[in-house]
Amino acid sequence: MNLNLTSKNNLTCKEVINQVCEHLGELPDSPLCVAIQEHLKECENCSNFYDQLEKTVKLFKEYKTDLPEGAHERLLAFLGLQDKNNK
Amino acid sequence: MIEQKELELIERAKVGDRLALAELVTRYEKTVFSFAFKICRNREKAENTMQETFMSVLKSLHQFDGKSKFSTWLYRIVVNHCLMMARSEVHKDKFYSIDEDELNFDEPEVKHWSDLPEDKLLNDELKKIMDEAIQKLPPEYRVVFMLRDVEGLSTQETAETLGITVPAVKSRLHRARLFLRNELKPYFEK
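Going line by line, the protein sequences match chains A and B.
Following the numbering used here, the numbering of the first sequence begins with 1220 at its first residue and continues without gaps.
Following the numbering used here, the numbering of the second sequence begins with 32 at its first residue and continues without gaps.
Since the hints were derived computationally from the structure, they do not count as laboratory data.
Check each hint, because a few of them may be wrong.
[As the list claims (entries may be wrong)] Under 7 Å between C-beta atoms, here's a sample of chain B residues computed to sit facing chain A: (1) 46; (2) 48; (3) 49; (4) 68; (5) 143; (6) 144; (7) 181; (8) 208; (9) 212.
[To be verified] Label-pair ranges, simulated between beta-carbon atoms: (10) 36(B) with 1270(A): 38 to 46 Å; (11) 1296(A) with 163(B): 29 to 37 Å; (12) 1251(A) with 48(B): 21 to 29 Å; (13) 100(B) with 1280(A): 14 to 22 Å; (14) 39(B) with 1249(A): 37 to 45 Å; (15) 199(B) with 1296(A): 38 to 46 Å; (16) 120(B) with 1253(A): 43 to 51 Å; (17) 1253(A) with 91(B): 24 to 32 Å; (18) 1280(A) with 73(B): 18 to 26 Å.
[Claimed, not checked] Stretches of chain B that chain A covers, calculated by requiring three or more beta carbons in the stretch to come under 8 Å of a beta carbon on chain A: (19) 55-66; (20) 95-105.
As the structure is a prediction and not an experimental result, all values here were calculated from the model.
We put the CB at the ideal spot given by N, CA and C, even for glycine.
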């Protein structure tokens, strides 16, 4: 992608959305990222899209599951280490 | 200090110290189970994958040379088991295509996903949608998203774990993020 970064207005929403998707959570101080951040401040659609991506990742991070009951003992037995159960 | 203690534990485990092996397994069992579950979305399959992963660990621990983090080495093994299971159980044509053309962004208006109360955020309905969304993703994309975004490995570590290039990680991550966002969209905008 060949972007002219002399003005934030040169970034289209499509370019911004592709870039924020690639650089989510790691927008450093490069000229491109500064331009993206400027665009996000002014464009509600792109800002909402960025928030949606962040929320998507956050939800998958928060969706956790515990080890099933007895799984630790079954694992050690499977490995022949049941006599070393120090849990 | 923690790393040094872990290296000592690994060295003891390498020479067959069963107490050290059990401690190593105990230390990482939740990580491995949790990761396997995130890939296959089934507790029984995740437990089987965890068992097979640690069996592989015990068999190949002597090959761990300490050049990478132990967790990175472990992720490599669990990823291989997850991919083997995914490929053996699901026919490829069940996965959705996530070609660039189909992910082209073409929405005239992007709505704000209103903040839901905490107890509504991860309810059963949303979990079901998330399970289905992940299972639609081809496994090669699924593991990249889980390693990089959910487990928090760096792009470089993700590439090393999967044996692919950094640009390949970025490309798959980009598509996976877009795909998953699109799958959750109807829930938040209904």
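How the hints compare with the structure:
no.	hint	verdict
1	46	violated (15 Å)
2	48	violated (10 Å)
3	49	holds (5 Å)
4	68	holds (5 Å)
5	143	holds (5 Å)
6	144	holds (6 Å)
7	181	holds (5 Å)
8	208	holds (5 Å)
9	212	holds (5 Å)
10	36(B) with 1270(A): 38 to 46 Å	holds (41 Å)
11	1296(A) with 163(B): 29 to 37 Å	holds (34 Å)
12	1251(A) with 48(B): 21 to 29 Å	violated (52 Å)
13	100(B) with 1280(A): 14 to 22 Å	holds (20 Å)
14	39(B) with 1249(A): 37 to 45 Å	holds (42 Å)
15	199(B) with 1296(A): 38 to 46 Å	holds (39 Å)
16	120(B) with 1253(A): 43 to 51 Å	holds (46 Å)
17	1253(A) with 91(B): 24 to 32 Å	violated (46 Å)
18	1280(A) with 73(B): 18 to 26 Å	holds (20 Å)
19	55-66	holds (count 6)
20	95-105	violated (count 0)
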